[in-house]
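Those sequence lines, one after another, are chains S and X. Note that my numbering has the first sequence beginning at 297, numbered continuously upward. Note that my numbering has the second sequence beginning at 1416, numbered continuously upward.
Incorrect hints may appear among the rest.
[Said to hold, decoys possible] Covered stretches of chain S, going by a simulated chain X footprint (3 or more residues, C-beta under 8 angstroms): (1) 381-391; (2) 422-432; (3) 443-450.
[As the list claims (entries may be wrong)] Cross-link-like lysine-lysine pairs, in silico, DSS-like; alpha carbons within 25 angstroms at most: (4) X:1418 / X:1580; (5) X:1580 / S:576; (6) S:576 / X:1511; (7) S:576 / S:502; (8) X:1511 / X:1580.
[Unchecked claim] Chain X is nowhere near these chain S residues, computed Cβ spacing over 10 angstroms in every case: (9) 318; (10) 360; (11) 368; (12) 415; (13) 472; (14) 517; (15) 527; (16) 532.
Hint data in this document are derived by calculation from the structure and do not stem from the laboratory. Idealized CB from N, CA, C, for every residue including glycine.
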Amino acid sequence: MTRTVTAWLQAAPLTLVLLCFLLAPIAMIVVVSFWGATEYSIYPAFQFDNYAYLFGSEVTYRVFLATFRYAAITWALTLAIGFTVAYFLAFHVRSQSVQIALFLLCTIPFWTSNIIRMISWIPFLGRNGIANQTLIDWGLIEQPLEWLLYSDFSVILAFVHLYTLFMVVPIFNTMMRIDPALIEAARDAGATGYQTLRHVIVPLTKPGIMIGTIFVVTLVMGDFITVRFMSGSQRANVGRLISNDIGLLQYPSAAATAVVLLITVLMVIGILLRFVNIRKEL
Amino acid sequence: MEKRPLSFYILAAFFGLFVLFLYGPTLTIGILSFQGPQGGLTFPMNGVSTYWFHDLFREQAVGDIWGAFRRSFGLGLMVMVTTVVVSVLAGLAFRKRFAGSALVFYAAITSLVIPSILISLGVGLIFNQLGLKVHWATSGFGAQLTWTLPFGLLIMFAVFNRFDKSYEEAARDQGATAWQTIRHVVLPIIAPSLIGVALFGFTLSYDEFARTLLTAGSYNTLPLEIFGMTTNVTTPVIYALGTLTTAFSLAIIAVFLLAVWVLGKRRARHGSDAGRGV
């Protein structure tokens, strides 16, 4: 009995923070999504106007579709890059200290500012940026490419740049836990390198891939700042829809969009969690 | 040692390109922040100077970035300490089965995957409706904890999954109380991981943008200040600021990694008395 009480006391601070700053805000958003708004204030009500407007607008569907598209493309790219990098680190680097050093090299940017990392693409991608200058010098193009910055290209480039780490770390983690004897057995049984990769390593790495997928998909779907900054406000996703409404003080409308976004994200996560037991995989 | 296959060299080249992709842009703005006074936002370099760094110290050139830096630093320390303490306690709790543990766990996962702008919006709305003023040290602090605590908790899970329970049993067999076991056995063993949790707590808070956006109130944290600058500053001064904050982040990371390394060395020196007799 005292064990349970101790456990509850130990879990209490976390629970309290989550109640006050996660669950209460979600509840508040759900409540406010039924409220009404004038140009400068919001008032309590119980009306479905916000949802009716949201689902009645063609823009909503377009923006949700765009959001899914960003998530899908970013997911495919981060998975391909992240898997390759993790595979190299886990199976091709032989010395453990080199392995740790290279792994840290990959993770350090995670602990620096995302906004600065976005800003740092500007000298590369701008009209007179490094990329265009180089391509012109090489004679590959004559006019600077306009679509490098402030386009879907730059948005996805930034997503991949910011979030590939979230694939590398969990995939590397699961790869390191694969018993080397299994790989040796595959080789003894005559498997080629590719067959070992395809039939031994990939299936055993699935939990890591799932965790990475959860991170990348939720980060991209909930993003508003990368899309705004890297597209020069010319592209939209759901997060920007919400932040625009907030900017116009239309909190109930922002809340309704937020509720729909949250349900969408949780559904995606719910599906992904069926494939992996997070607590076991850490 | 067997000869390396061709795939090694291909993958190594890929890895090298990836690292270049990760660090290239940051290095570029590092170089460009030393533009001459007439230099622009991209190459060519128009002379080399520290003009833009000096520019940062002139109050009117940019907003209140030093105040913003002080606030971000203070908030980072607050979040760091809270994250370490709360995560360790929760980690200990989750080792025992308690009613409701699954609920708390799923709440923590939700906290990790929820779009940040929802936290910002929800916390902002609650404070408004309760008639409280949003402030970085209250609403901003709480909002950031929803981002750092799940990371802390997941690290604690990873730590305790690998924790050898026989150390605790040995302590208990020798008559240690529950508190003594934690204080003298568990905490020293997990100390290096706690430095990791602290690193997450500080840096995630120091760089957090979305969850602080509507919860920081009238005094900006550094990321908010920097973002504000991106809309109206068109000189390399923003690169100078970016270079400085990145250098600061790297220094912080170095301090934490050094701490882990020193701890490991000390442990190697003091840890084992095998073969020395009693």
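Here's how the hints hold up against the structure:
Coverage of a stretch by a chain is defined here by at least three residues with a beta carbon nearer than 8 angstroms to that chain's beta carbons; for the segment 381-391 of chain S and chain X the count is 6, and the condition holds. Residues of the segment 422-432 of chain S lying with their CB closer than 8 angstroms to a CB of chain X number 5, which satisfies the three-residue condition for coverage. Residue count for the segment 443-450 of chain S with a Cβ under 8 angstroms from a Cβ of chain X: 0. That is fewer than the three needed, and the coverage hint is violated. Straight-line distance between C-alpha atoms of residue 1418 of chain X and residue 1580 of chain X comes to about 42 angstroms, which puts the hinted pair past the 25 angstroms bound.
For the proposed pair residue 1580 of chain X and residue 576 of chain S, the alpha carbon gap of about 17 angstroms is at most 25 angstroms, so the pair holds. Our distance criterion of 25 angstroms between C-alpha atoms is met by residue 576 of chain S and residue 1511 of chain X, whose separation comes to about 15 angstroms. Between residue 576 of chain S and residue 502 of chain S the CA atoms are separated by roughly 13 angstroms; this keeps the pair inside 25 angstroms, and the hint holds. With a C-alpha separation of about 13 angstroms, the suggested pair residue 1511 of chain X and residue 1580 of chain X falls inside the 25 angstroms cut-off, and the hint holds.
Consistency note on residue 318 of chain S: stated as away from chain X, yet its beta-carbon is not over 10 angstroms from all of that chain's, at 5 angstroms minimum. Distance to chain X confirms residue 360 of chain S as a non-interface residue, since its nearest Cβ pair spans about 13 angstroms, more than 10 angstroms. At roughly 17 angstroms, the least C-beta separation between residue 368 of chain S and chain X is larger than 10 angstroms, which holds for a residue marked as non-interface. The claim that residue 415 of chain S is not at the interface with chain X is violated, since a C-beta of that chain comes within 10 angstroms of its own (minimum 6 angstroms).
The non-interface label for residue 472 of chain S is consistent with chain X: the shortest C-beta to C-beta separation is roughly 12 angstroms, beyond 10 angstroms. Non-interface call for residue 517 of chain S relative to chain X: violated, since the shortest CB-CB distance, roughly 7 angstroms, does not exceed 10 angstroms. Distance check on residue 527 of chain S: its Cβ is at least 13 angstroms (rounded) from any Cβ of chain X, clearing the 10 angstroms threshold; non-interface status holds. Taking the minimum C-beta to C-beta distance to chain X, about 14 angstroms, the non-interface status of residue 532 of chain S holds against the 10 angstroms cut.
In this structure, the hints that do not hold are numbers 3, 4, 9, 12 and 14, in rising order.
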